Amino acid sequence: MEKLTVSSSPHLRHSDTTAGIMLDVIIALCPAAIYGCILFGLKAAAILLVCVVTAVLAEFLWNKALKKPNSIGDFSAVVTGLLLGMNLPSTVPLWVAAIGSVVAIIVVKQMFGGIGHNFANPAIAARIVLLVSFPGKMTSFLEPVSDTVTSATPLAAEAGTYSAKMLFFGMHSGSIGETSAFLLLVGGAYLIIRRVISPIIPLCFIGTVGILTLVSGGDILSAIFGGGIMLGAVFMATDYSTSPITAKGKLIFGIGCGLITFIIRKFGAMPEGVSYAILLMNILVPYINRFTLNRPFGKRKVGRHHA
Amino acid sequence: MPEKEKIMRPVKRIKGGCFLPHLKDTAELETVEMTGVETVFIPFSQHIGAPAKPVVKKGDEVKVGTLIGEAVGAVSAPIHASVSGTVSKVTDTGIEIKSDGKMAPDEALAPIEVKEPADLAKAARQCGLVGLGGAGFPTGIKLDVKKKSIKTLIVNGAECEPYITSDYRECMDNYEDVIEGIYLIKKVLGIKRVVICIESNKKKAIKKLFEIAADKRDTKNRVRVMKLPQKYPQGAEKVIIYSATGRKLPLGKLPSDIGCMVMNITSIGTLYRFIKTGMPLVSKRVTVDGTAVPEPKNVIVPIGTPIKALLEFVGVDTEQIGKVPMGGPMMGIALDDINKSVEKRNNGITVMKSQIKSETVTPCIRCGRCASACPMQLYPAMVETAVKLNNTEKIKELNVNYCMECGCCSYVCPARRPLTQTMRVAKSALKGEKK
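Here the protein sequences come in this chain order: A and B.
Throughout the first sequence, residue numbering follows this note's numbering, covering 1 to 307 in sequence.
Throughout the second sequence, residue numbering follows this note's numbering, covering 308 to 742 in sequence.
To be clear, the hints were calculated from the coordinates, so they are not data collected in a lab.
Remember, predicted model here, so these are calculated numbers, not experimental data.
Some clues are possibly wrong.
25 Å max Cα-Cα, derived DSS-like pairs, lysine-lysine [to be verified]:
no.	chain 1	residue 1	chain 2	residue 2
1	A	299	B	560
2	B	429	A	3
3	A	248	B	647
4	A	301	B	322
5	B	701	A	299
6	A	299	B	555
7	A	299	B	493
8	B	458	B	370
9	B	493	B	538
10	A	299	B	738
11	B	615	A	299
12	B	615	A	3
13	B	695	A	68
14	B	523	A	301
15	A	299	B	538
16	B	319	A	299
17	B	734	A	301
18	B	695	B	560
19	A	301	B	319
Restraint-style ranges between C-beta atoms, simulated for each label pair [as the list claims (entries may be wrong)]:
no.	chain 1	residue 1	chain 2	residue 2	range
20	A	7	B	398	22 to 32 Å
21	A	20	B	335	26 to 36 Å
22	A	7	B	342	51 to 61 Å
Take a look, some chain A residues computed to stay more than 10 Å from chain B by CB distance [claimed, not checked]:
no.	residue
23	9
24	21
25	115
26	116
27	128
28	212
29	245
30	259
Glycine included, C-beta positions come from ideal geometry on N, C-alpha and C.
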């Protein structure tokens with residue numbers, strides 16, 4: 001008889017894998033990405049392609065150089081590349097997009113230990129690096145209908161420029177993947193149904209910005225549907241390693257993101273603040289985790305008897 | 308009494324846990340009795356506590372039910388011959404008996420009278436009864452309580468492990484023993500209320516249990532059936548107490564400390580059979596199922612039967628098996644040798660095919676699924692980091708001692724990390740610290 005396999009329990013595993021989760025995220029991003037390509041043309045498609053290919057290549061070469069196991073099979077580099085591409089305006093030169101991907105994978109992700117160890121979302125951090133390095137190139141948006149360069153995004157445009165329908169379905173200028181709130185929400189719903197993400201962060205993020213804008217007398221429609229909030233709240237703020245683990249923590253994180261976004265938009269020099277808001281909250285995640293951990297089942301609060 | 312009032316919903320529901328495939332292929336099959344056992348090897352230690360001490364020697368004639376090893380000290384349980392025949396070997400770990408094939412019961416066995424709580428505890432001890440849900444805690448100790456000190460008797464019929472249906476069959480086949488057992492324990496110990504817990508998908512068993520609950524002896528509607536959600540691990544002691552009473556059992560406390568007693572449904576049936584006939588715990592219903600079992604079955608097996616003989620009886624090709632967890636696939640311990648014996652606390656054997664592809668472990672992606680699946684609300688991924696850094700301070704801070712090793716964290720991990728094993732390592736690291 002053959003020798004029996006002895007391993008520790010459990011002897012049953014759920015079918016979900018890391019690669020499966022990443023594939024789900026890619027599927028969820030596809031509608032908005034494809035719409036972006038239709039809206040902004042072939043150039044947009046080229047940017048997305050360059051971002052994805054560079055990201056995967058960078059990860060592959062890094063692993064090769066450091067003699068680490070090859071990790072491109074988990075598709076996380078594809079997600080990073082795709083997210084970065086969707087966060088870029090369609091006018092950006094391809095080499096800028098490529099630099100962004102290299103920064104995201106090598107500097108932000110791998111240098112901190114690879115998947116699960118990065119403290120900031122690679123796509124967001126890379127976008128900010130590009131934004132401060134190439135401010136002109138990163139803020140010239142294409143007007144989708146007339147092909148005029150340097151159209152103001154709904155956030156920078158005067159209120160009333162766009163109708164509610166145009167804002168919601170994405171017929172306006174902006175980064176490649178951020179314009180269609182509708183398709184991004186469809187992707188988000190898919191991820192929630194597949195239990196890949198929890199709805200807490202997106203709801204708190206979007207809700208906070210909405211309420212604060214409303215209270216301060218701003219244009220709520222362009223605030224929620226016009227900028228990068230949908231893409232940021234659904235796909236980037238929910239990144240596993242850079243968001244809190246507990247439900248309470250997620251709540252704080254989402255509200256924090258919304259608050260900072262609003263403050264930057266309202267009082268800062270820039271029309272958009274989603275990326276900075278998420279990055280700032282990313283840094284706070286270890287602290288949020290630490291102060292929101294649940295007590296284990298059946299453990300009483302310490303120090304209660306003194307009260 | 309109307310069904311609505313007899314069947315109740317859980318008082319509280321746990322936060323974690325996971326939905327597993329049920330795989331209860333054997334649920335509606337008749338239980339088969341195993342015959343033709345040639346030799347049995349009955350281990351001294353089939354329970355938590357001190358091993359039994361032999362009272363027979365090589366060459367002694369024994370019958371089914373004859374005492375062959377007596378309990379030593381407070382926490383222990385006796386063992387009895389499960390076949391009739393001759394004692395062929397007494398080793399350091401157990402007693403081997405060659406069967407004469409007659410399965411003749413010991414004539415000295417007689418029904419037992421139970422009136423006082425002490426009688427009940429004594430009966431459980433004489434019976435050699437241990438927690439048949441898998442824990443193996445001597446039942447005599449559990450039942451050794453003062454009259455009226457227990458408010459709630461929780462009858463555990465959850466059977467939340469995949470494949471296993473032995474408790475379900477006890478409910479279906481021997482439900483009279485279960486009824487009588489429940490009412491006897493309730494009366495003798497002066498227990499106020501009884502909650503019979505069972506997962507909501509076992510409709511036929513719920514119907515049978517409803518008959519127990521609707522018995523005419525229960526005039527004040529104190530015996531009720533509770534439908535548990537089909538979420539693993541409903542049958543864990545802390546979880547079932549929470550579902551039935553809404554109370555959280557603190558770490559290190561016994562259910563009796565909060566006025567509860569949890570008993571497995573088969574334990575109750577077995578105890579009643581002993582009181583009725585005097586026949587101690589000598590055989591056990593075991594579910595044999597898994598990917599390598601062509602025809603899964605519930606089999607009543609004499610205790611001490613070699614597992615190999617049982618597998619052959621069920622028709623498993625023992626040349627083609629890869630992994631044999633004793634118990635269900637979630638908490639079962641993988642055997643290194645199928646010549647070991649079937650023990651009292653075994654309720655199932657999962658037999659898996661050979662060449663199980665070992666899946667590659669990938670880095671943790673911090674998805675937090677292990678934390679949301681943990682019924683004790685622990686953070687296995689954080690414990691893993693602390694174990695890697697050998698940080699006992701942090702391990703302690705993360706309350707690893709609350710872990711009951713149910714396996715949920717490993718089950719849900721998309722990176723296939725052996726988190727449950729890591730929790731065990733963390734717990735033993737803390738133990739080492741104390742020394």
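Hint-by-hint comparison with the structure:
1. A:299 - B:560: Holds. Residue 299 (chain A) to residue 560 (chain B) sits at ~11 Å (cutoff 25 Å).
2. B:429 - A:3: Roughly 43 Å between the alpha carbons, so the hint for residue 429 (chain B) and residue 3 (chain A) is violated.
3. A:248 - B:647: violated, 49 Å
4. A:301 - B:322: holds, 18 Å
5. B:701 - A:299: holds, 17 Å
6. A:299 - B:555: holds, 8 Å
7. A:299 - B:493: violated, 30 Å
8. B:458 - B:370: The given pair, whose Cα atoms are some 40 Å apart, is violated under the 25 Å limit.
9. B:493 - B:538: violated, 29 Å
10. A:299 - B:738: holds, 20 Å
11. B:615 - A:299: At roughly 44 Å apart (the allowed maximum being 25 Å), residue 299 (chain A) and residue 615 (chain B) break the hint.
12. B:615 - A:3: Given pair residue 615 (chain B), residue 3 (chain A) holds - Cα atoms ~14 Å apart, limit 25 Å.
13. B:695 - A:68: Holds, at about 19 Å.
14. B:523 - A:301: violated, 45 Å
15. A:299 - B:538: Holds, at roughly 22 Å.
16. B:319 - A:299: holds, 17 Å
17. B:734 - A:301: holds, 22 Å
18. B:695 - B:560: Judged against 25 Å, a Cα distance of about 30 Å means the pair is violated.
19. A:301 - B:319: holds, 20 Å
20. A:7 - B:398: 22 to 32 Å: Given range 22 to 32 Å: holds, Cβ gap about 29 Å.
21. A:20 - B:335: 26 to 36 Å: Given a distance of about 34 Å, which is inside 26 to 36 Å, the answer is holds.
22. A:7 - B:342: 51 to 61 Å: Roughly 34 Å apart at Cβ, these two residues miss the hinted range, so it is violated.
23. 9: violated, 5 Å
24. 21: violated, 6 Å
25. 115: The claim breaks: residue 115 (chain A) does not keep its Cβ more than 10 Å from every Cβ of chain B (closest is about 5 Å).
26. 116: Label violated. Min Cβ-Cβ 5 Å, cutoff 10 Å.
27. 128: holds, 22 Å
28. 212: holds, 28 Å
29. 245: Non-interface label fails for residue 245 (chain A): nearest chain B Cβ at 4 Å, not farther than 10 Å.
30. 259: Check passes; 23 Å lies beyond 10 Å.
Hint violations for this structure: numbers 2, 3, 7, 8, 9, 11, 14, 18, 22, 23, 24, 25, 26, 29, all remaining hints satisfied.
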